[in-house]
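A.B. asks: Residue numbers (the numbering used here), protein chains in the order written: chain A, 1 to 418; chain B, 419 to 722; chain C, 723 to 996.
Because the hints were derived from the structure by calculation, they are not lab data.
Please read these numbers as outputs of a predicted model, since none were measured by experiment.
Everything hinted at is true.
The list that follows gives simulated cross-link-like pairs (lysine-lysine, DSSO-like), each with its CA atoms no further than 27 Å apart:
{"no.": "1", "chain 1": "A", "residue 1": "272", "chain 2": "A", "residue 2": "157"}
{"no.": "2", "chain 1": "A", "residue 1": "213", "chain 2": "A", "residue 2": "401"}
{"no.": "3", "chain 1": "B", "residue 1": "471", "chain 2": "A", "residue 2": "304"}
{"no.": "4", "chain 1": "A", "residue 1": "307", "chain 2": "B", "residue 2": "471"}
{"no.": "5", "chain 1": "A", "residue 1": "227", "chain 2": "A", "residue 2": "401"}
{"no.": "6", "chain 1": "A", "residue 1": "68", "chain 2": "A", "residue 2": "304"}
{"no.": "7", "chain 1": "A", "residue 1": "304", "chain 2": "C", "residue 2": "853"}
{"no.": "8", "chain 1": "A", "residue 1": "348", "chain 2": "A", "residue 2": "317"}
{"no.": "9", "chain 1": "B", "residue 1": "471", "chain 2": "A", "residue 2": "135"}
{"no.": "10", "chain 1": "A", "residue 1": "165", "chain 2": "A", "residue 2": "361"}
{"no.": "11", "chain 1": "B", "residue 1": "471", "chain 2": "A", "residue 2": "213"}
{"no.": "12", "chain 1": "A", "residue 1": "227", "chain 2": "A", "residue 2": "176"}
{"no.": "13", "chain 1": "C", "residue 1": "853", "chain 2": "A", "residue 2": "30"}
{"no.": "14", "chain 1": "A", "residue 1": "212", "chain 2": "B", "residue 2": "471"}
{"no.": "15", "chain 1": "A", "residue 1": "230", "chain 2": "A", "residue 2": "220"}
{"no.": "16", "chain 1": "A", "residue 1": "307", "chain 2": "A", "residue 2": "51"}
{"no.": "17", "chain 1": "C", "residue 1": "853", "chain 2": "A", "residue 2": "307"}
{"no.": "18", "chain 1": "A", "residue 1": "230", "chain 2": "A", "residue 2": "152"}
{"no.": "19", "chain 1": "B", "residue 1": "471", "chain 2": "C", "residue 2": "853"}
{"no.": "20", "chain 1": "A", "residue 1": "272", "chain 2": "C", "residue 2": "755"}
{"no.": "21", "chain 1": "A", "residue 1": "165", "chain 2": "A", "residue 2": "230"}
{"no.": "22", "chain 1": "B", "residue 1": "471", "chain 2": "A", "residue 2": "31"}
{"no.": "23", "chain 1": "A", "residue 1": "135", "chain 2": "A", "residue 2": "212"}
{"no.": "24", "chain 1": "A", "residue 1": "317", "chain 2": "A", "residue 2": "30"}
{"no.": "25", "chain 1": "A", "residue 1": "31", "chain 2": "C", "residue 2": "853"}
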Amino acid sequence: MITRRTLLKTAAAAAATSVISAPAIGQGTKKITFLTWNIIDQKELIEGWIKRFQSTRPGVEVEWLDKKGPEFAPFYQTQLAAGTPPDVINTQGALGLEYAAQGALLDLSPLFAREAATKARYDANYLGNWMFEGKNYMVPFYITKTLLFYNKPMFAKAGLAGPPKNFDEILAFAQKMTSGEIASGFMTLNFDWLYWPLFAMSGVDLVTPDLKKTAFNTPKAIEVVDKLAKATQSGAINKISWTGRWVEPNGAFGAGNVGMLHAHSPAYFFFKGQGSWVTPETLGVAHMPGNYATPNSHGLGISKGSKNPELAWDFVKFITDNAQAGELATRRKLVTGNVAVDQATLAKLANDDPTVYQVLKTQLEHTDKMTGNWRFGNDTRIKEAFWPELQSALLGRKDAKSALADADRRMSRELTRS
Amino acid sequence: MTAGKGWWGQRRNRQLTLIACFLLPSLAIFFLYRILPLGWNVILSFESWSPLKPAAWVGFEHYVEMWSYDDVFWVSLWNTLIFIAASPLVIAAALGVALLVNSDLRGASVYRTIVFLSYPLMTVAVGIIWRWMYDERGGIINYALRASGLVDGPVGFLQSFDWALPSVIFAGVWQTIGFYMIILLTGLQSIPQNLYEAARIDGAPAYARFFRITLPMLRPSIFLCVVVGILNSFTSFDLVYIMTNGGPGHATELLITHIYKSAFEQTKFDYAAALTVVQFGLLLLLTYAANKAAGGNAGAVEQD
Amino acid sequence: MAARPSRPRLLLRHATLVAVSFVMLLPFYWVMKTAVTNENIYAYPPGIVPRDPHLFNFVDVWYLIPFPRYLLNSIVVSAIAVAGNVVLNAMAGYALTRQFPGRRAVLALFLSCMLIPFQATIIPAYLITAKMGLLNTYFGLAFPMLSTIICIFVFKAAFEAVPRSLIDAARLDGLSEWRIILRVLLPLSKPAIATNVILSFIWSWNNFLWPLLITRDPTMQTLPLGLARFLSYMEDTTGALYAFAVLVLAPSVLVFLMAQKEFIRGLTSGATKG
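Take these sequences, add in the hints, and give me the full structure.
C.D. replies: Next comes the structure, spelled out in C-alpha cells:
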C-alpha cells in the first residue's frame with residue numbers, strides 16, 4: 001500500500017503537469033463537463049479516465065471540475081440559473097433527489113428501459129435510493145452506509161463480549177465503558193440522517209410510508225429521545241455525537257477512548273489514520289442492532305440542461321463500468337454499487353486487508369434494511385425542521401416532549417407546503 | 419444655454435460635470451453589483467421562483483411565512499441584533515488602544531502592528547483557528563481555564579447554547595479590532611495638532627481635550643466604525659459558517675446564515691430574497707439611526 | 723501629545739498594551755504550535771510548547787498546490803483591485819466633499835449599497851458578469867471590488883479634515899480643481915491612501931466566494947481558493963490543516979508587514995503636516 005505522503009506527491013505532480021497541458025478546444029468538438037464532489041485526491045485516476053474516454057471518441061472533450069461539499073451547491077445552483085449546468089454531476093446523500101425534484105436532473109428511466117444490461121450492473125437497493133416519484137435519477141458512483149465500529153480492548157475491560165443487540169444494550173454497554181471525562185461509551189455521526197438507525201431499531205419512523213405525514217411524535221419516540229438525552233448528560237454518549245461533524249467524532253474514536261462509533265464506512269480510513277490502536281485484533285466491526293443502516297452514497301446524474309445528454313450518458317456508463325469502477329474500488333478501497341466489481345473487490349480484500357474487507361462487507365449486507373433514506377424532494381428543509389429541535393432535546397436544552405412537538409409542527413408545515 | 423461664455427464656460431457647470439464624472443465609475447460598479455441585485459431580490463421576494471422554475475407572483479406570502487411561521491427568522495434576527503450590539507463595546511476598546519498607540523509611547527508601532535495583525539487574515543482561516551482555540555481538549559482556552567482551576571471539566575464553548583454566540587462574537591472581535599483601530603488612528607492623525615496646542619495654551623485639562631476636541635473631530639471615523647460594526651453582522655458569515663454553522667440548534671444563526679442556507683441549501687431563493695429585503699431594511703434603519711446620532715451629515719466634520 | 727506622563731502611568735499603559743498584544747498573538751502561537759507537531763490533538767492536556775517540531779506538514783501542503791500560479795493570479799487580481807480603489811475612491815470621496823444637487827441622495831445611496839450582503843447577490847452578480855463576458859478573467863475577478871464604499875468614506879473623511887482655509891487659499895491663488903486635488907488634498911491624505919491600499923488589498927486577496935463562482939479554469943484560481951480546495955486532503959491530518967491555515971495567512975500578513983512601514987509613515991506624515 002502506498003503511503004499518504006507519496007500519494008499526495010504524485011497527485012501534486014499530476015496537478016503541475018495538467019496545468020501545462022490544457023487541451024485546446026477545436027472546431028466542432030462536443031464538450032461535456034463533469035462536476036465531482038470533493039474527490040480531488042483521485043485527480044490522477046479521473047484524468048486518466050477522461051483521457052481514455054476521449055481517445056476512443058474523437059472530437060469529444062470532457063472538462064472536470066471538483067468542488068468541496070459546502071461550495072458545491074452555490075456553484076451548481078448558479079450554473080443552473082445561468083443555463084450552463086455541468087452535464088454530469090456527482091452528489092452525496094439525498095441532494096440528488098432535491099435536484100431531481102427541482103427539475104434539474106434528467107430522468108434516467110427511459111435509458112434504463114432501453115438498456116436493461118446497464119441497469120442490471122448496479123445494486124438494486126442502492127439504485128433505489130435515488131428513485132424519486134418512481135423514476136431513476138442517479139446511478140451509484142461509490143456507496144456507503146452506516147455500521148457499528150467498536151473498541152475491543154474497551155469492551156474486554158468492561159467485561160463485554162460482543163456488540164450490542166438492541167437499543168437498550170447500546171446504552172447499557174456505553175454506560176459500562178464510561179469513566180468520567182476519560183472515556184465515553186458511544187458516539188454517532190449526526191449529519192444528514194446518519195443517526196436514524198437509533199430510532200429505526202426502536203420502531204420509530206419519521207414519516208408515514210406515503211411521506212405525507214409525520215410519524216415520530218409518539219410516546220415511544222419521546223422515550224427514545226429521553227434516554228439518549230440522559231445518556232448524553234451522563235457522558236455515556238459522547239456529546240460530540242450531537243455537535244460534531246466529521247473530523248471531531250472520528251478523531252475522538254481514533255484517539256481510543258470511545259467504546260463504539262456508529263458511522264459510515266469512510267470513517268474507518270479516517271480514524272485508522274488517527275489512531276495507532278486500530279488493528280484487526282482491536283477493532284470490532286458489526287451491524288447496528290436490527291441491521292439498520294443509513295446510506296450516504298455518492299451518485300452520478302445528468303443535468304437536464306445538458307447540451308449533449310447522450311454523450312453525458314455515455315460518460316456515466318463509461319466511468320461506472322467494470323474497468324473504471326474497478327480502478328476506483330482498488331485505489332480508494334471502497335464499494336461502488338457495481339455488483340460485479342464489488343464482488344471482485346471483496347474477494348481480493350479478504351486476503352489483502354481483512355479489516356477493510358470486514359468493513360466493506362457490511363456495506364453490501366442487509367441492504368433491504370436501509371433507513372433514513374426517505375425519498376423527499378425537499379430533504380434539506382425536512383432536516384432543517386427536525387434536526388435543530390432534536391439536537392436541543394439531546395443536549396438538554398428542551399425536554400423531549402416539547403422538542404418533538406415543535407419538530408412535528410415545523411415538519412408538518414414543510415410536508416404540507418411541498 | 420446662456421449666451422456669451424456658454425454652458426461650459428460657467429464655473430459652476432464645469433464643477434458639476436467634474437463631480438458627476440468623479441462619481442460615475444463608482445456609481446456604475448455599485449449599480450451593477452449592489453443596486454441591480456437588490457432590485458432582483460425585492461422583486462423575487464414577491465414571487466415563487468427557483469433556478470429552473472418560472473417565476474410566479476405570490477404577493478406577500480414569503481413575508482407572512484416569515485412573520486408567522488418561521489421561528490428561525492426570529493432567532494436569527496435576535497442573534498443579529500446581539501452581534502451588532504456588541505460593536506459599541508469593541509469600538510470603545512479599539513479607541514482605547516488607538517489612543518494608547520497614538521501617543522509617543524516607546525514601541526507604539528510594535529503594538530499597533532500586533533493589534534492589526536489579525537485583520538489581514540482570511541475569515542475562513544480565522545474560523546478554523548478559533549474553532550481550535552475553543553476545542554475542549556486541544557484548545558488553549560480550556561487548558562488555561564482548567565489549569566488555573568477556574569472550571570472543573572472542559573467547557574464546550576461552541577457546543578453550548580449559552581456560550582456559542584459570545585464565543586463567535588469574541589473571535590470576530592479578535593479579527594476586527596485592528597480594523598477599528600486603524601480607522602480611528604487615521605481619524606486621530608487627521609486632527610490638526612494646532613487645535614490641541616491651542617487648547618493646551620488655554621489650559622484645558624486632558625479629559626476636556628478628549629471630549630471637546632478628540633471625540634467631536636473623530637465623529638466621521640466613529641460613525642464609520644459603527645457602520646462597519648453593523649456590516650459585521652453579515653461580513654462575519656464565513657466565521658459563523660466555519661465555527662458553528664449556526665448551531666447548536668440555532669444558537670448562532672444570523673440572518674445572513676439563514677439567508678444563505680435558505681437559498682443554497684434549501685433551494686428557497688424566493689424566500690431568501692424576502693429575508694434579504696428584511697435584513698436590508700433593518701440595517702438601513704440602524705445606519706440611519708447611527709447617522710442621526712453622529713450629527714446627521716453622514717459623519718461629516720462640522721464646518722468651522 | 724500631552725505633557726510627559728508620569729512613570730506609573732507609563733507603566734500602566736505598557737501593561738495594558740502588553741496584555742492586549744498577548745491576547746492578539748495567542749491564536750497565532752497556538753496555530754503555529756499545532757502546525758509543526760503531529761501530537762494527538764485529542765489528548766488532554768495539550769502541550770504548551772511543541773514536541774519534536776518539524777516542517778513536514780508544510781511540505782505536504784506546498785506540494786499539493788501549484789503555488790506560484792495561484793500566487794500570480796492573486797497578485798494580478800489584487801493589483802487591479804488596489805489601483806481601482808485608490809483612483810476611483812479618491813475621485814468619489816472628493817466629489818462627496820463638494821456641494822451639488824442630489825448630494826444627500828448619493829450619500830444615502832452609497833451607505834445603503836453597503837448594506838447589501840454579497841451572499842444575497844450571488845446569482846444576479848454572476849449573471850451580470852456573464853453578460854459582460856467577464857467570466858474566468860482577471861478583470862471579472864476584480865470588477866466588483868474596484869470601488870469599495872468604506873474606502874470612499876475614508877477618503878471623504880480625510881479630505882474633510884483638511885482645513886477649509888487651505889483649500890480656499892489655494893483657490894484664491896487660482897489653482898484649478900485638479901491641482902487642488904493633486905497638490906493639496908492628496909498629499910495631506912496619505913493616511914487615507916495607505917488605508918485604501920491595505921484594505922482593498924486585504925479584501926480582494928481574501929475573497930473566496932466570488933472567485934469560486936466565476937473561475938472555471940484551474941489556472942485562473944486564486945490562492946485562497948486553491949488552498950481551500952485542497953482542504954479536503956487536510957481533514958485527516960490535523961497538523962497539516964493548521965499548516966494550511968498558516969500558509970493561507972502568511973502572504974497577507976507578510977504584505978501587511980512589508981507595506982506597514984509606508985502605511986505608518988503615511989499616517990505620521992499626514993499628522994505632522996496637518
